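With the hints as extra help, turn the sequences into a complete structure.
Protein chains: 4
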Amino acid sequence: MTSLNIGLIGTGFMGKAHAIALRSVATAFPEVSAPVLDCLVDSDIDKAGRLAKAWGFARASDDWLAVCSDESIGIVDICTPNHLHKDMALAAIAAGKHVYCEKPLALNSADAKLICQAAAEAGVQTSMGFNYACSPLITLAREMIAAGELGEIFSFRGSYFEDYMASPEVPFSWRCLRSQGGAGALADLGTHLLNMAEYLLGPIADVFGALDTRHHQRRDPPSGEMRDVENEDIAQVLLCFERGISGSMEISRVATGRKCGLCFEISGSKGSLVFDQERMNEIRFYAAGDATGRQGFRTILAGPQHPDYSAFCPAPGHGLGINDLKVIEVRNLLRAIETGTPVDEDFANGYRVQLLVDAIEKSAEQQQWLKVSSLGLDA
Amino acid sequence: MTSLNIGLIGTGFMGKAHAIALRSVATAFPEVSAPVLDCLVDSDIDKAGRLAKAWGFARASDDWLAVCSDESIGIVDICTPNHLHKDMALAAIAAGKHVYCEKPLALNSADAKLICQAAAEAGVQTSMGFNYACSPLITLAREMIAAGELGEIFSFRGSYFEDYMASPEVPFSWRCLRSQGGAGALADLGTHLLNMAEYLLGPIADVFGALDTRHHQRRDPPSGEMRDVENEDIAQVLLCFERGISGSMEISRVATGRKCGLCFEISGSKGSLVFDQERMNEIRFYAAGDATGRQGFRTILAGPQHPDYSAFCPAPGHGLGINDLKVIEVRNLLRAIETGTPVDEDFANGYRVQLLVDAIEKSAEQQQWLKVSSLGLDA
Amino acid sequence: MTSLNIGLIGTGFMGKAHAIALRSVATAFPEVSAPVLDCLVDSDIDKAGRLAKAWGFARASDDWLAVCSDESIGIVDICTPNHLHKDMALAAIAAGKHVYCEKPLALNSADAKLICQAAAEAGVQTSMGFNYACSPLITLAREMIAAGELGEIFSFRGSYFEDYMASPEVPFSWRCLRSQGGAGALADLGTHLLNMAEYLLGPIADVFGALDTRHHQRRDPPSGEMRDVENEDIAQVLLCFERGISGSMEISRVATGRKCGLCFEISGSKGSLVFDQERMNEIRFYAAGDATGRQGFRTILAGPQHPDYSAFCPAPGHGLGINDLKVIEVRNLLRAIETGTPVDEDFANGYRVQLLVDAIEKSAEQQQWLKVSSLGLDA
Amino acid sequence: MTSLNIGLIGTGFMGKAHAIALRSVATAFPEVSAPVLDCLVDSDIDKAGRLAKAWGFARASDDWLAVCSDESIGIVDICTPNHLHKDMALAAIAAGKHVYCEKPLALNSADAKLICQAAAEAGVQTSMGFNYACSPLITLAREMIAAGELGEIFSFRGSYFEDYMASPEVPFSWRCLRSQGGAGALADLGTHLLNMAEYLLGPIADVFGALDTRHHQRRDPPSGEMRDVENEDIAQVLLCFERGISGSMEISRVATGRKCGLCFEISGSKGSLVFDQERMNEIRFYAAGDATGRQGFRTILAGPQHPDYSAFCPAPGHGLGINDLKVIEVRNLLRAIETGTPVDEDFANGYRVQLLVDAIEKSAEQQQWLKVSSLGLDA
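Residue numbers (this note's numbering), protein chains in the order written: chain A, 22 to 400; chain B, 22 to 400; chain C, 22 to 400; chain D, 22 to 400.
Each pair of labels, with its calculated beta carbon distance range: (1) S394/C to E190/B: 50 to 60 Å; (2) Q326/C to R71/B: 23 to 33 Å; (3) T360/B to R264/C: 54 to 64 Å; (4) I66/B to R315/C: 48 to 58 Å; (5) R264/C to S331/A: 30 to 40 Å; (6) T360/B to D84/C: 32 to 42 Å; (7) R248/C to K383/D: 33 to 43 Å; (8) G169/B to S188/D: 53 to 63 Å; (9) E386/D to R264/C: 16 to 26 Å; (10) M247/A to F34/D: 49 to 59 Å; (11) R315/C to Q238/D: 27 to 37 Å; (12) R264/C to G223/D: 36 to 46 Å; (13) P192/B to S394/C: 51 to 61 Å.
Since the hints were derived computationally from the structure, they do not count as laboratory data. The model shown is predicted, which means the values in this text are computed figures rather than measured ones. Cβ coordinates follow ideal geometry from the N, Cα and C atoms, glycine included.
Structure representation (structure tokens):
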């Protein structure tokens, strides 16, 4: 396949992670054609220029709209704050580009649906930046569940705990505004966990949500004044999967001490799995069929027997990092473009997750169980 | 104080644990008077006789009612299946005995209230066998929270996972019947966790529950036929504490791989605590005030600096066991009798917990949030 | 069997642990006859009297020699500082008593041999207080090794780290004197680990030792003056087992942060075991034969499937404590007396361990490998 | 600085890891100039050509000698089997190239010295591929030790356990031959650990070694016949650092279950550190000065407060992988070339480590303590 030119918009946390991944993807996975790092976009053209040089991009721009429709660009990669995703994605799709977008796809499910439908109609490949689902041990977990290694599934219990807004001293930011961040912990962290749950166990049918804001105001750096926080610090969710099992989730951005605590425990009649993203190279597996007196949770270390690990290292237990997961994510997109088969986490998933977020928020407001399908937004 | 004669009813799991604790309490805690192991009661008189001899009881009986009103008995200790607690407790109270009862206090909150009121009117001391709350590290946790070491509390997330009924092969038993076990996982495991939550953070004001039964029928050993399981395998609970913080709980008796997984995580502005009863000699404490770059969850090992540990061992990290917790529980009761000051976990707590169980069940049925006070049963 | 009267000498850490164990042993293990807590001995007669009452002993004494030869006494239980063990044990043996002695048996192997031979000639049963070897999961480990579950054993790596003398502020005590404590970390901690190694893997044939004292002087409380510490803080040992495998050990009483860190890792062709006494209710087992991609160290929680656990609790994962191990130790002695079959850890083992300690010290002094048999002291 | 052309020799495990690192180093660390991936060398020219294309190298070669002296090449990067390092390094140095070499530098310390001296005379920058020492948390550990956060250091206890040769079924390979692999576990794993120990605590002065081979023969794939294994599976080492503290190490390539178990525990008067490379994003720190009853090993998660982490990710706890460590290693070399200041782990360290390996082997043979300086090979 011909290598595709990349236009990457955004130079923050995710912008850099994408840049690293785009650059090393073909070394890790020689079966895909290395994308060409063509244009780096930032609203600050000096920054764009400086980083383009450092990160190996051919050129820089401060005009994302122009880049989205630039003929030379094959893939538009969106790593900007949440509220910008919609317009950028739509513009890129309109120009027939493949699109790679960080989560959340949009600020609400109506917008997400719009984007999703546009992409489907345009026939472009899309990919959501859900990071964690494409991890070797998570893909292993999905395979184990699908193969029946856990037997009949009884329950899912998940959490995503971080503490980046635990301190009242953390300043006000766009993340606190509905118009820019959308939901709070749900949008930033919950989207990962909701996607993970559906990736592993299939669609969620019903939700019951409860939201809680612990810091109602934060100081806004420019003005020095206190501003109202418009979204939740903590979200609690009960849920039912379509396959007929119940689950629960808790998501918090004020969980003091937790840095990347995306955790879940799945219990089944034949076994259980326990995972914590802070130890992303381990998954704990209990096999009920082990000999009596020899049963216990096994700490499986990621290794070349697990999906995609060997692209990075032939030796088990040596460990992948978060940036390696982005490499897998990029490989998935490139392969999808090459084969025409969508990735597991495409915009349809981005929309699904946004639908769930909206349903949880509405359920919390109405204090009642809600069928996700009742939002009337299903594709 | 004069030593009191004990009448212990029940010779199963808890009966034996109580017997061990009653026998060693005064060695661990010389400040209390050793109780006299007077009468051991079992409906099987041969078993009662054999075990009375082995366990050091002066005599045996198969007539619990007689023992409850026996003049020589000072404390009646109830370790029988759940549905027997009510009549035994009421009989003992009526005879002016102090009463020590395994959880749950009764099969529903109305009965629990009755017992509780009878005890209050009789002026006897009572104690619930909640096991885990009197553990050195749990008492430490309560002290740390009360002293503000965690700052403002943000959230409580708890679970109690065991797997003793995970297999479909586990036979039908009294635990599966509402008339004998009451609720399912909630009664057997949830009562511990609910009590723990209130012990640490004060009264729970509102609950939202969801119940799930995974094995709808189990084979009944005598008949060999399948019988309907009448209560839940899994309970999920959202809750609000009176102090204005939210919490969540999940309780399961089908959590494959978990053996005594009573866990919680409490997050606060200054720190967090994480606990797992399967590692009962450890509590994890994150102090947000630690120096930058040196922060992390500390694994505190139980030691003589912590409440009651030194009664068992002067050296830290050497470890207590579940039976040692029962020794503390017995000491608490003996001290309460001696001083006239109720224990932390008395029948009022047993009633509180039963009220919560009822509220959760009713909430699950009605699929709506419920004020615990709305049950109209408050003391 | 008739119950035997106990004379317990010493009321410190171990004296209390023995008292608790002696009192509850027959409740946990109804198959043995409860010993009679007859006489408690302390050089401070007031203390002896007070504690005898609290601990349930019939009487008190400050005359250990008289108690050792008292006709009514069946078992003499020695929980005094190290240098007193020899005379007490010899006196008790001379009077035909069964003897239970805390480690180390003596200050050197010559004395230990003397005691050991006296006991053998007298035909009394003896037991060493090695605590940890009789733990359910350690006995399991021994059984697994013997049954070949680890395949051919490759190596043993052990450590026993505590920090009770890590601070230079810890005052001078009898433990620092060769004439009263014997060796340092080796005598206090190493004896446990050496016994454990032989319990699991059989006799040690050769040793190479290195000793290190980090705090050469400590302040003596009565005088306030600095005194020379006469024994080691850290001992490092290389060793060869008779079965032809190599091992290593490190023992430290200045390992800051460790409280009861008796650890080992045994690797074999079919599997490995990893243990840490600070988590005494867990053993980690790696089964090389597990399916590819599903291999990992299993955390086995102690439960009723493991030796002796069910005497304390029928439910797995609920946890035993250090004092429960002493109960097993006492049961072992009582059973030995009843059956005439020596316990696993009798005075012969106490002597073995002392022989190893002496060999390690001599090896360290000579800076060369030493055959344990070359000490010329073998029984 | 002008970007330098890289000639990378070897396309195995480390070849690929280097390729990934060389390609992404300037994205992670914009302050260095991206090296130019010029020529990839493999004795199989087809493989070299195929991978050169995939990995982004401009050209391929099967003539390492020509590449070493190629004028366009600025840095020669050696990722071949151990016995080839010497000739390649010498050739590259002779041509005035900077050299980056995987460990071990040579098969013995005489050769290592030769290379080291040649490099010093040529004035080129060199770097050893020790992987683990440049990890954020290891650099943190070094800084903490240097700053006195652990107080006076008492001891070092290290191990490096893997199991890649645990099974007797693992075939014979060049690693089993002295002429090609040099030492066994010592060369392959021990070099990492020895370097780590000196990186953290300074030079090792004396060693005592013991070597053990568990599988004396392995089947050679081409012939199908059993061949003698010429080096050790297990190495045990006692050691003294120049700073006057003792240490111990055990290294095994037959430690069933361990995949990358490079571990150490450093105890000091004010604190301790515990590390396990299998959890490379965590270091455990015990601060003796923490409040009484609140002390415990803290699990510090790698984050942007720690050296070099933020180049990869601004969020703590998200995790680096083994390949990220190679990126840091490459950055160190590029910076050294730019500034003229040698890296921490240059060929002088490669020589030091080889000297230690030789001393350990000689000590094991002579069964006596050996001064490292006594080898008469010191620079």
